[in-house]
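J.: Based on the provided sequences and hints, a complete structural model is requested.
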Amino acid sequence: MTAPFGRRLCEVSENRASGGYRLFSLIDAEGPEPLPGQFYMLATERHWDQADGRPFLPRALSVAEAAPAANGVRLDFLIEGIGPGTDRLCELEPGENVWLNGPLGNSFTTPRELHQIFNLADGEFDAVRVAGAILVGGGIGIVPLALLRRTFAAQNIPTRVLLGFRDEAHSGGLDDLFACCEVRLATEDGHRGHEGYVTDLLAVMLEGDDAGSAAVYSCGPPPMLDAVAALCYEAKVPCELAMESPMACGYGACFGCAVPDGNGGYARLCVDPPHPHPVSTHPSSSAA
Amino acid sequence: MINASGTFDAIAARRVYGDALLADFPFSAFVSKTITPEPRAGNEPQRIWETPAGMINSIGLPNKGLEGFLVGDLPQLAELPVPLIVSVMATDREEFARLVTGVGERDEVAGIELNVSCPNVHSGLIVGEQPSETEALLEHLRPLTEKPLIVKLTPNVANPAEVAVAAERGGADAVSLINTLKASAIDPATGEPGIAAGHGGLSGPAVRPVAVAQLRAVAAAIQIRVIGMGGVSSGADAMEMIAAGATLVAVGTESFRDPRAGERIARELP
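Line order of the protein sequences matches chains A and B. Under the working numbering, think of the first position of the first sequence as 1, with each following residue one higher. Under the working numbering, think of the first position of the second sequence as 1, with each following residue one higher.
Honestly, the hints are just simulated from the structure, not real lab data. Warning: the hint list may mix true and false statements.
Sample of chain A residues facing chain B (criterion: CB under 7 Å; computed from the structure) [stated by the list, open to error]:
(1) F5
(2) G6
(3) A51
(4) D52
(5) R54
(6) L57
(7) P58
(8) F178
(9) P246
(10) A248
(11) C249
(12) A267
Remember, predicted model here, so these are calculated numbers, not experimental data. Yeah, the Cβ is synthetic: ideal placement off N, Cα and C, and Gly gets one too.
T.: Below, the structure is given as structure tokens:
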């Protein structure tokens, strides 16, 4: 289902702290429910350009959760303030209006589809009988994995969740977005879970007997994604990575969000299809 | 209202928004991204950088090349409910001629915009920065098509009116201005330019006063039509372009913020 053509004003229903991040909700009266991995372009209606004429462009944010509401679709966004745009969105007041464009971007593929893309399926691939999905999130990159986890659960796809954070200040969303499921945690400062990287947990999991029939989905900082891709490549497990890139428009107009496509060219994260080799790519939230 | 070249991909937008894009098409003519003779991948990221009331871009004209455009893109662009203007760029006159001929002979194409913000490989000079180069290019291309030829002027010259006069003398039907202003910004996190190429082109409301001054100078110097653009984001901004001498107004960067900006701005006109 396509996005409504154009941006629209949506009212903020809630904004609260979630660990070191903020979790805010909007009611979208027009759009369809987003698919996991999709994102929206957001800007506040008022006081978007503050000091020094910034922010100017809307910000791309992955949607963390979505649910039908009485007057539309409730969209939840988890956000970390790291620049003028995200800082402004962190300050949203309930009742305030936000310009919303979306849902945009590709959605994640299922483990079955991923195995078919990578031509790894031996005959009939049965996602229920095999290892299913392993979700690996780092920092604010955990966002698109929340909706993905719930979607896979609804499809009876076994899903394991590995999340990593730098420290307590740079963590959040756990009790709000992943409260109902088992999460294996890693923190670099050791304040919760394994002391170290989330990729340490993935490495152990990929040594398991059932890893060959798993599919890995990951979003996080680029060095983490590189490590995830390398581990999966080594273990011959297909993986799909949600990436971020500076993005002015989110609908293919600006060509700003290009990333190398593995064939000597570039692909727009927002509208071009994911690239099956060497790893698949999807958009996630954009910086600042 | 039309779009500035390279600021709206109607084919991608139709994938994203579906046929609603056609039903509510935001422009009264559509200008394609710039087509070059051979395919281009575009520049290495990072390609964009937000600045006060604007942005810098260095995209690098990614496109499928002339053949790829004619086969892959033109049939889709022909389905748009408005006239199609194709933007072309090459680094010498013969290649420019190949583009103008190839595009100009297609019935789907209503006009051709010449992107002259590129170096001539033989002289090393940016064509659009030199009145003589611009006039010579137009004299070479003018006999090749009866379709309107629009020259996209660069603002990165001391006297854009001289180049506009040269374009008119060479047989152009219209000029469009302004293209982006050469600009750079330093990433405070690294101390290096935020754009991988080191610099790019500035657009957005920040450039509008420059556009107004150049429009006034150019419109006073020539008889042919003037397409005005540069930071237009409201009906009032479009009126400013018209007051400065534009007969047609284009929107660029504002479409990134509001996909229906072209239609909204037209609606906001008095």
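J.: Take the hints in turn and mark each one as holding or not.
T.: For each hint, the structure was consulted:
{"no.": "1", "hint": "F5", "verdict": "holds, 4 Å"}
{"no.": "2", "hint": "G6", "verdict": "holds, 4 Å"}
{"no.": "3", "hint": "A51", "verdict": "violated, 9 Å"}
{"no.": "4", "hint": "D52", "verdict": "holds, 5 Å"}
{"no.": "5", "hint": "R54", "verdict": "holds, 6 Å"}
{"no.": "6", "hint": "L57", "verdict": "holds, 5 Å"}
{"no.": "7", "hint": "P58", "verdict": "holds, 6 Å"}
{"no.": "8", "hint": "F178", "verdict": "violated, 30 Å"}
{"no.": "9", "hint": "P246", "verdict": "holds, 5 Å"}
{"no.": "10", "hint": "A248", "verdict": "holds, 4 Å"}
{"no.": "11", "hint": "C249", "verdict": "holds, 4 Å"}
{"no.": "12", "hint": "A267", "verdict": "violated, 10 Å"}
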